[in-house]
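Engineer: The residues making up each chain are set out below.
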Amino acid sequence: MIETEEKTTRAETQQCEILAFCCNFCAYAAADLAGARRMQYPANVRIVHVPCTGKVEVQQILAAFERGIDGVLVAGCLEGGCHFVEGNLRARRRAEAAQRILDEIGLGGERLRMVNLSASEAPTFVARVREMVETVERLGPSPLHRRRLESEG
Amino acid sequence: MIVASRKSIAEMKEVLAGHDKVLFVGCGTCVTVCLAGGEREVGIMSYAMRMARRLDGRPLEIEQMTIERQCENEFIAELAPAAERNEAILSFGCGAGVQAIAERFPEKPVYAALDTQFLGILEEQAVWAEKCLGCGSCVLSQFGGICPITRCAKRLLNGPCGGSSEDGCESDPDRPCAWQLIYRRLKAIGQLDNLTEIVPPKDWRTSWHAGPRRVVREEHRV
Chain G
0 MIETEEKTTR AETQQCEILA FCCNFCAYAA ADLAGARRMQ YPANVRIVHV PCTGKVEVQQ
60 ILAAFERGID GVLVAGCLEG GCHFVEGNLR ARRRAEAAQR ILDEIGLGGE RLRMVNLSAS
120 EAPTFVARVR EMVETVERLG PSPLHRRRLE SEG
Chain W
0 MIVASRKSIA EMKEVLAGHD KVLFVGCGTC VTVCLAGGER EVGIMSYAMR MARRLDGRPL
60 EIEQMTIERQ CENEFIAELA PAAERNEAIL SFGCGAGVQA IAERFPEKPV YAALDTQFLG
120 ILEEQAVWAE KCLGCGSCVL SQFGGICPIT RCAKRLLNGP CGGSSEDGCE SDPDRPCAWQ
180 LIYRRLKAIG QLDNLTEIVP PKDWRTSWHA GPRRVVREEH RV
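Note that the protein sequences, when read in sequence, are chains G and W. Quick note: the first sequence uses numbering that gives the first Met the number 0, first residue 0, plus one each step. Quick note: the second sequence uses numbering that gives the first Met the number 0, first residue 0, plus one each step.
For reference, chain G alone in the conformation it holds in the complex (with noise of 0.2 Å):
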């Protein structure tokens, strides 16, 4: 699924990109919500759908990062509302697993976030997602992604 978002019109917009991991219960209802509800957020979001946050690996982050993707926003359901029970807690433990990995290879642990909303809260998901979009944008594009343009020329 990661190899085919790498293929997308990044290199036409210059945008950062940002990957969300969003759990089927919450986020990508919410994610939904938000579309039916014509509401407007940052269009280099690529959503992956996920059955449970809990499905999420750390592998799968630092494979979305090695690819060049600038943000990663894992999106669960709210503390306590897991249809799994404790699937969105154990993401969070792997999130702060992912993100002192990045902060030890350079790369920084602030470009992966873990948040929590539930699947009504359409206007939380879209004000997350303007969120880490404003933090990697201060951050600048993932210096993964700009030696990968570099060795394409």
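No wet-lab data here; the hints were simulated from the structure. From a predicted model like this one, the values you see are computed outputs, not experimental measurements. Backbone N, C-alpha and C fix where the C-beta goes; we use that ideal spot for every residue, glycine too. One or more hints might be untrue.
Heads up, incomplete: computed chain W residues facing chain G, CB under 8 Å, no partners named [what the hints assert, rightly or not]:
hint : residue
1    : Ile43
2    : Ala47
3    : Arg49
4    : Met50
5    : Arg53
6    : Leu54
Partial list, computed: chain G residues near chain W (C-beta under 8 Å) [what the hints assert, rightly or not]:
hint : residue
7    : Ile100
8    : Ile104
9    : Gly105
10   : Pro142
Since chain G is already given, all that's left is putting chain W on it; use the hints.
Structural biologist: Below, chain W without anything else, positioned relative to chain G:
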């Protein structure tokens, strides 16, 4: 079980600085169980090291492989073709695993990705505690199955030091006093009399103090 933890990425980068193509080898036994050097951890560290090296402007090519046990030649044999293809090997095994691989491939630099710590057990999810020092002359039968050599900070054999408080060890109050545990356990199993015997100073010759040990079982040799 052997418990280990991974080294920092900075340390790994330093040892691999002179190489461009490295084989990362995981071990499917103890370090997989203690979540330090199994297939998953090797995968995570491969992503991290590839990114770290790209950020430094000198990309690193990584091949990954996880074998059942790094401390046995039979399993290490599977590594031969991959070892041949790579400049060096980064082992995610315990100290024994790293050395076994280094012995098997004398021409290849072999580096350690983990710090091997102790023989222990899983106390609760993701928490491991040291239980055995491998001293070579077990005293567990005498002390109700609780090892004072490993679990008492002062390795006392004739009762507590007197520094413990609220059941906690003097050197770390969060760690239980081994002698408190021994007393309770012996009381529960009706063997408090064991404590009336004076234990002479321990003979440490059976431990590693006399150099690396070796075990030979003649009846099983071929």
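Engineer: What are the numbers of the hints the structure violates, in ascending order?
Structural biologist: When the structure is compared with the hints, none of them turns out to be violated.
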